[in-house]
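For the protein sequence lines, the chains are A and B, in the order given. Residue numbers for the first sequence, in my numbering: 12 to 322. Residue numbers for the second sequence, in my numbering: 987 to 1527.
Any given hint might turn out to be false.
Covered, in the sense of this in silico footprint (three residues per stretch, anywhere, with C-beta under 8 Å from a C-beta of chain B), are these stretches of chain A [said to hold, decoys possible]:
no. : segment
1   : 30-43
2   : 98-105
3   : 111-117
4   : 169-181
5   : 203-210
6   : 232-245
FYI, nobody ran anything at the bench for these hints, they're computed from the structure. Every residue gets a Cβ at the ideal spot worked out from N, C-alpha and C, and that includes glycine.
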Amino acid sequence: MTTAITISGLVKDFGRRTRALDHLDLDVETGEVHGFLGPNGAGKTTTIRVLLGLLRADAGNVALLGGDPWHDAVTLHRRLAYVPGEVNLWPNLTGGEVIDLLGDLRGGLDPDRREELLERFQLDPTKKIRAYSKGNRQKVALVAAFSSDVELYLLDEPTSGLDPLMEAVFQDVVQQLRSAGRSILLSSHILSEVEALCDRVTIIRAGRAAETGTFDELRHLTRTSVVVDTARPLASVTRWPGVHDARVHDGHAEFSVDPGELNNVLERLVDLDVRSMITSPPTLEELFMRHYGEDITTPAREADAEVVATR
Amino acid sequence: MNGFTGTMRLVRLALRRDRITLPAWVLGMAGFLAATTAMFQDQYSKHPLLLEPDTRIVVENPGMRVLGLVTGPDVGGYTLHRDALVLAVLAAMMSVLAVVRHTRQAEELGRQEMLAAGVVGRHASLAAAVIVALAANLLLAVVLGLGMVVAGQPVAGSLAAGASIALVGVAFTGVAAVTSQLASTTRGAIGVAGAGLGVACLLAALGNMLGTVDSAALRVTSAWPAWLSPIGWGQQMRPFADNLWWPLGLAVLAVALLFWVAVVLVGRRDVGRGMWPERRGSPGASPALLSPAGLVWRLQRGALLGWAIGLLGFGLVFGALSDQIAGLKGEATEWYATFGGDTDLLGAYWASMMQIAAMAVAIYVTTLLLRLHHDEAQGTLEPVLGTAVSRLRWLGAYAVNALGGAVLLMLVLAVAMGITGGQAVGGTASLLRDLVGAALVQLPAMAVFGATVVVVVMLLPRWSVGLSWALVVFAIFVGPMFGPSLGLPTWLLDLSPFTHVPNAPAAAISPGPVLGLGLASALLAGAGILLLRRRNLRLPA
């Protein structure tokens, strides 16, 4: 069996000046839940639209379920389900009608599964789309996608409008699909969700894959935070190699350590007579902030260009 | 704080939002009126003796009386008779769209919620929308009048002419204020007001058609139905002849009354909902919905029904008038001979009615096919193409609905006209056969039209709406209804697909033009398909 998604060197330009995707690489293995993270305007939605054959790649190789998403769109779409980030549906159809329609256009849905999902997501299928709140419209799209038994699910920020109860239902459904061996690409901003569900993640920034791997792999690349109390004064900590952001007060210090330097730092601390110590691996949030943080220093003009690029 | 607090602030907001839209409407209408006035002024200053007989043609002919009311031989009046109905409909639509935009649409899109959370009274949005629409109509009256003055017409008559058009916009400002409270959707509010406009057109047309002609055959006195319609009121001002101003009072009374009704309704309903409650629907899709074509059918069947009712009424009324045409004498016969292209007067009359209907149905086809663009721009295309539906199948769904809708509408018209026409002049069976043939022979021209809209949507998505409507207006004005009487050169007339449609049932249906139009539509459709397969979709962010 081939991998679910293989993207290498994908370039997508909008006009001459805006480059939305800049040699992006992304691999989703069959049977994994892959987190797709990145700041707004980084190119997540553009990537998914290229994967659906809605946009045409300017350069690079894109393979989806072993096929070419531009040329084989229809045959490939029978094998996948998609939840768009912004759910735009027909205001005068009911939720139930939309679920049936989208399922049928994909090649059929399982009526029992549909009923079960309506029940679990507590969705009233008799209301018109225009009468639903944003969260409920999202549930319509989720029920429509999950009612079909397909190999691959492309989910573009699928839970941004859901309440915590529904978020739990969503995570439960995704776990079930994972144990059933389905592949899922999950673009999301909700870090706890990504941490709970995803086997691997790719962090995308300005149209490029900034980092990719399992959480453990990513954590190895990132600083560990240390809070320590010692008997002897800690003033010299700030000058040790590999130590960053240190805040020292007599025998108390808080700082972070580069991955390769942790052992050396520990040896020096022992000499100072450690009384108590907490080390914590970087959270996903810290991982994230490292990439988001760089964005804050990006010149405003470039940031504007990125926003335009998603249109 | 009363219900109108913040009205002037919202007026400024609305003016800021409409700073391009409303002036474009006003200038477009005034430019059209000034250009046609100048053209007729030029024509009749060269041939002054023609003005009286030409006026007689439109007075004696009930079919031409549909367009407006004639009062004596006068270049300004003659021009107004040609333009008044089109301009009145445009003025009404400008007003309806403006009022709905700032009331019902603002509620539907959730903007009203943000405004109403501020220091803004319950009735302020409604009042602001009505004020802006009335201001636009005041401007319209003056600019239309100036347009005619510039084209060489007397000042008093020109200003009355401008007011007679703007009067219709004023009345429909009130109508839209009420429909915005009744319907809970933008589309519903516009649709109900549009239906009211259709009724107003029909009443004015009936009133003039059934009216009486004076002994010199230069002046028509309308029958009572005209007095039930704001369009009729405008015509009763009789610009350039009597210059009566008091019918304007009817419109002012109407808008005041309707505004009061709307204010009362606002006080009785929730923001975001209309007086007509939102119904629940089916928990699942019927099998008929489960295909792209079924989806398109479902989305536009309401509009199609409205069009079918309109054409049914048109067909019944104009079929019944056939005997009046058969009894025509004098100069009016020449008009049908030119327009319908034959000296068989009845045949020419039916042919001309078929052509008018074909142009109307072309408008329906355009509204339907422009949904291709709206699907794309509003994002409803994304979930559909995310399933196993190809781009071609999506386009095909619209093509099937456009063609089926056009056939249905033309058949409704032909059958309605055949039935009442047969009653009036006899020979129902053969008339029905002739009219159905004449209706269907219009389809290749509509196919050319539809395929052109598809090419525009695929090639220039961002400009497609404006460009498509410009093409509709162009094709109608250089087409057989207006083109020849405007004295346009042949090559220009040939650009309209309607010019090439055989004049059935007056003339025999020749296969050449039909095949030519069919070929042209096939080539355009092929180009549209190629463009669709190649390009990126322009989806919302």
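Hints and how they fare:
no.	hint	result
1	30-43	violated (count 0)
2	98-105	holds (count 8)
3	111-117	holds (count 6)
4	169-181	violated (count 0)
5	203-210	violated (count 0)
6	232-245	violated (count 0)
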